[in-house]
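Chains as they are written, first to last, in the working numbering: chain A, 11 to 468; chain B, 593 to 1119.
Note that these hints are calculated values from the structure, not bench results. Since this is a predicted model, take the numbers as computed values, not measurements. Heads up, some of the hints might be wrong.
Just a sample of chain B residues kept apart from chain A, beta carbon distances all over 10 angstroms, derived [what the hints assert, rightly or not]:
{"no.": "1", "residue": "K606"}
{"no.": "2", "residue": "R700"}
{"no.": "3", "residue": "A712"}
{"no.": "4", "residue": "D720"}
{"no.": "5", "residue": "V768"}
{"no.": "6", "residue": "V842"}
{"no.": "7", "residue": "V844"}
{"no.": "8", "residue": "I884"}
{"no.": "9", "residue": "G901"}
{"no.": "10", "residue": "D1037"}
{"no.": "11", "residue": "A1058"}
{"no.": "12", "residue": "E1080"}
{"no.": "13", "residue": "L1086"}
Below 16 angstroms or equal to it, Euclidean Cα-Cα: the simulated EDC-like pairs (lysine to aspartate or glutamate) are [claimed, not checked]:
{"no.": "14", "chain 1": "A", "residue 1": "K276", "chain 2": "A", "residue 2": "D414"}
{"no.": "15", "chain 1": "A", "residue 1": "K163", "chain 2": "A", "residue 2": "D174"}
{"no.": "16", "chain 1": "A", "residue 1": "K163", "chain 2": "B", "residue 2": "E952"}
{"no.": "17", "chain 1": "B", "residue 1": "K616", "chain 2": "B", "residue 2": "D744"}
{"no.": "18", "chain 1": "B", "residue 1": "K820", "chain 2": "B", "residue 2": "D862"}
{"no.": "19", "chain 1": "B", "residue 1": "K659", "chain 2": "B", "residue 2": "D862"}
{"no.": "20", "chain 1": "A", "residue 1": "K161", "chain 2": "B", "residue 2": "E724"}
{"no.": "21", "chain 1": "B", "residue 1": "K706", "chain 2": "A", "residue 2": "E87"}
{"no.": "22", "chain 1": "A", "residue 1": "K94", "chain 2": "A", "residue 2": "E64"}
{"no.": "23", "chain 1": "A", "residue 1": "K455", "chain 2": "B", "residue 2": "D637"}
{"no.": "24", "chain 1": "A", "residue 1": "K161", "chain 2": "B", "residue 2": "D720"}
{"no.": "25", "chain 1": "A", "residue 1": "K161", "chain 2": "A", "residue 2": "D173"}
{"no.": "26", "chain 1": "B", "residue 1": "K803", "chain 2": "B", "residue 2": "D744"}
{"no.": "27", "chain 1": "A", "residue 1": "K455", "chain 2": "B", "residue 2": "D642"}
{"no.": "28", "chain 1": "A", "residue 1": "K163", "chain 2": "B", "residue 2": "D720"}
No residue lacks a Cβ here, since even glycine has one placed at the ideal position from N, Cα and C.
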Amino acid sequence: MQSNLLSAQKAVVAPLDTNVRVSKDILELLSTAMYPDALALYREYIQNAADAIEQAINENLFDSKKTPRIDVVLDVERRTVHIKDNGVGIPNEDFVTVLTAIGGSAKRGKKARGFRGVGRLAGLGFCQELVMRSKSAADSHICQLTWDCRKLKQLLRDPACPDDLNAVARQVVCVSKTAQRDDEHFFEVELRNVVRFRNDILLNEAEVSAYLGQVAPVPFSPAFSFGEELNARLKQEASLQTFLIVINGRQEPLYRPFQDEFEVRKGLKDRFNSLEFFPIEGVSGDNDAFGWVLHHGYFGAIPDRTGIKGLRLRSGNIQIGDSKLFEQAFVESRFNSWSVGELHATSNNLLPNGRRDALEFNIHSQNLFTKLQPLTKQIAGKCRSSSAARVKHNAPPPIPYETDWGLADSDVELIKSLRPNLRMSFLQVVGPIFSKTRKDYHGRKAALTILRRVAKES
Amino acid sequence: MARKKILLIEPGYKNKYPPLGLMKIAQYHGPNGKRDNVRFIKGCDTSVLDTCWDRIYVTTLFSFEWKRISETIDFAIEASGGNASNVFVGGIAASLMHGAFQSEGRWRGVRFIKGLLNKAPAISLELDSFQEELYSDDITGAPIEDCIPDYDILKQIKYQYAVHDAYFAYASRGCVRKCSFCGVPKLEGDLYDTPSLTHIVDGIKRLYGPKKDLILMDNNIVASPRFKEIIAEIRDLGFVSGAKLKRGRVPVLRRVDFNQGVDARILCKDKMFLRELSSICIKPLRIAFDHIGVRKQYETAIRFSHEFGLHDLSNYMLYNFHDSPADLYQRMVLNIDLNVELSIRIFSFPMRYQPTDMKERTFVGEKWNRYYLRSMQLILQATHGIVSGAPEFFRRAFGKTASDFENLLIRPQKFIFNRDWFEKRGGREEFEAYEIEAKALSPSDKTDLLAVLANYEPSKFEALAATISNRRAARVFEFYKPLTHEQEREIWELQKLRKESKAPLLPDDERVEDAGLDVEPVLTDAK
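This is chain A alone, in the form it adopts within the complex:
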């Protein structure tokens, strides 16, 4: 034992003298494994587009005739997705080197939204061919780079295929060039033969719009009364920037999902009544983030479909994680889903992790959670007092069983005939079964059987 220790002490420490081997598996790790949520690929490409447009603005490439925009085109028949921006584009001479590099983005440290250089691979796992093409204003050609994802999948699985990343890449990537001499500048991603998931989520216009409305740097809706005030303050405090994103050439561009009113549950509407801003002080004393919450009646948990539930976090005006990110900051995590608000990271201390599903774990992100305590306590207080008020005044929000549940008149009468307490608990328990979106035939049948029995007994 002792001799081992002694010999260890004698070991000579020297720097590593072989190359680090990078295997083909890195491609899988950086594509499918990185983005378990398929829709995240839209976020990654929009993020790159936003950075490219910002750079084009800095280089004065826009004027009154040419304004920045990002187009997303979903073609269900042909099963393709196009995401195109009129940002700076990648110059012809850099095109292949930039797009075949894995990691090592030149954007790191430059305040750009993306900086790791892996997001562009987000589409690899979700289509059979991933095409990227681009041109900068000065270029005479459009360059194109194509990933054959079908072949890639095959090679990644094939134990006989060499492990070498470069050997694999050479087999699945090809590049081409076509002449086009004009001052157009763009970057375009095309996904061909997009995979089908559940309700064809990747080509589902409604799903993609709802996702990007929450995540992407789009403006508040002009119909949203607090929009203007939010814009002004966030511009000042968090250098808010928004972009025009158009889906399938629609007349109306994409907006954030906030409206003056929202539905807490079927038939029960609530309104926003006040706006509160709050800065988050960083460890060093400077501000790390700037946030806002919208107060309302706090009638209950806000449904997912509204797209506004929960305290959320944004960096570069792109969402990090989802609506549950700050659940732990609440004493009772459920109150997060009663809240509406967001934080904008304003310093480089708060950086999204590679998957962009949380912050990089460090002292600053911990500080953020701590500094949120007063706010979350205040919200929890409002939730509780609102509940208490409802119980006290015995005025529960109406459940529209008479009109919305598709019940026979006789069953409506039966419900009315129940004692108030019994009625309330019955409605609350079976309510979800009767919601229009859920067609729970068994549940309905059982609920009605119970109702008839209970009514008979009482």
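Got chain A; can you put chain B on it based on the hints?
Coordinates of chain B only, in the frame set by chain A:
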């Protein structure tokens, strides 16, 4: 990869023939194919919701059944646990209205298959091998279209199809004609031969036992260059004239039915066609009579049929297309005249035209109006969709002349619905008063009245009455006041006492109903 769970759904509408497409898919997956577990249901049978299905197929038929089809697709998605990419919808409506199905946002992910499954299964079903979908590697297998229909799945449901004891097959598909009212050119394209008829019939016989009848769903068999060979094949299969099948103790007469009808324009060209057809046990011989313009050819075809001893005739008559009521009447009356002259019985089946891509059955032809269509429907409902071949019955049902027929169509519908009561019994007085007033109408009065009737609905009676400025028309319109429930019940009670049993004139399997005759009234019924 056997033992996968496959669900087949036919919407709960009323139809006459079993779903051949689903039966073929059942064969593909079933005990003689992939050995999966196949379950077949008709309508939204909630008992399937407890199972985790690997794939769900939904068939669709009439495009105007859109509502019921939609409910079924919603149900299929629910049964898939929300995984719409496991749901496949095919069939006639899905092919003809492909765009409408495809653009329905809530069905995203569902695969709507257009046309026949006549390529290798994985290709026809658009299966994605990249995603490793079930059987997506089956890119060289025989097309599902060529599978022998699986008759066993029909035992899984209670619904009884009017025609079921039969071999269902095609000797050809597509059609040489491009009639604008027809869905076939869009569905199947030009005429082409199908693989051997004998193979299909033998296959069904081997797997599911002999069937009594042979139903050939060819769209235009006489246009096939192989016509004679096909008839010879049918004879060889045992369906010669007068053939019987002995399965139990009593042999039963067999029949061959080209249920889509045959083309009079070709039949009239050469006696060979009917000579050939008379050599098999065809019953009934269905000939289409789509407009009065083909009168000559139609008549010749009927005369040829008679010459070769084919007396069981039946015909399709399209109406509500470019025709007028008078045109329809002339066609019907021609059949009556031929019946008398040749002492045969031709049954006519008027079929209301409906564009093949409309979601409801509400189309009104340029020379028809909603009121006429509803009247026509009431008349046909009383006879199960069949126009009687007997002259006296026909004249009573449709009038003695074309203008009689039009007067009948314009009549207050309570007079049509309770015809005996108003023409012969207690309501006679009111009816006669109406006749006098109606006869006094000038052509322009009649136009005014018709304009109001085009929007008529029993519930709108008062409102419409107020809009008529023409005094004579207004007086006649008074007769259109719907019966009160009490009056109606009274009439019905009295009628019940004298009601003779009204069995349909033809057995179910030989009838062709104007699809949706009894389910889709043009107007809401007063009853």
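Against the structure, the hints:
| no. | hint | result |
| --- | --- | --- |
| 1 | K606 | holds (22 angstroms) |
| 2 | R700 | violated (4 angstroms) |
| 3 | A712 | holds (18 angstroms) |
| 4 | D720 | violated (7 angstroms) |
| 5 | V768 | holds (30 angstroms) |
| 6 | V842 | holds (45 angstroms) |
| 7 | V844 | holds (42 angstroms) |
| 8 | I884 | holds (42 angstroms) |
| 9 | G901 | holds (54 angstroms) |
| 10 | D1037 | holds (46 angstroms) |
| 11 | A1058 | holds (33 angstroms) |
| 12 | E1080 | holds (24 angstroms) |
| 13 | L1086 | holds (33 angstroms) |
| 14 | K276(A) - D414(A) | holds (8 angstroms) |
| 15 | K163(A) - D174(A) | holds (15 angstroms) |
| 16 | K163(A) - E952(B) | violated (47 angstroms) |
| 17 | K616(B) - D744(B) | holds (11 angstroms) |
| 18 | K820(B) - D862(B) | holds (13 angstroms) |
| 19 | K659(B) - D862(B) | violated (45 angstroms) |
| 20 | K161(A) - E724(B) | holds (14 angstroms) |
| 21 | K706(B) - E87(A) | holds (12 angstroms) |
| 22 | K94(A) - E64(A) | holds (14 angstroms) |
| 23 | K455(A) - D637(B) | holds (14 angstroms) |
| 24 | K161(A) - D720(B) | holds (14 angstroms) |
| 25 | K161(A) - D173(A) | holds (15 angstroms) |
| 26 | K803(B) - D744(B) | holds (13 angstroms) |
| 27 | K455(A) - D642(B) | holds (15 angstroms) |
| 28 | K163(A) - D720(B) | holds (14 angstroms) |
When held up to the earlier numbered hints, the structure conflicts with 2, 4, 16, 19 and fits the remainder.
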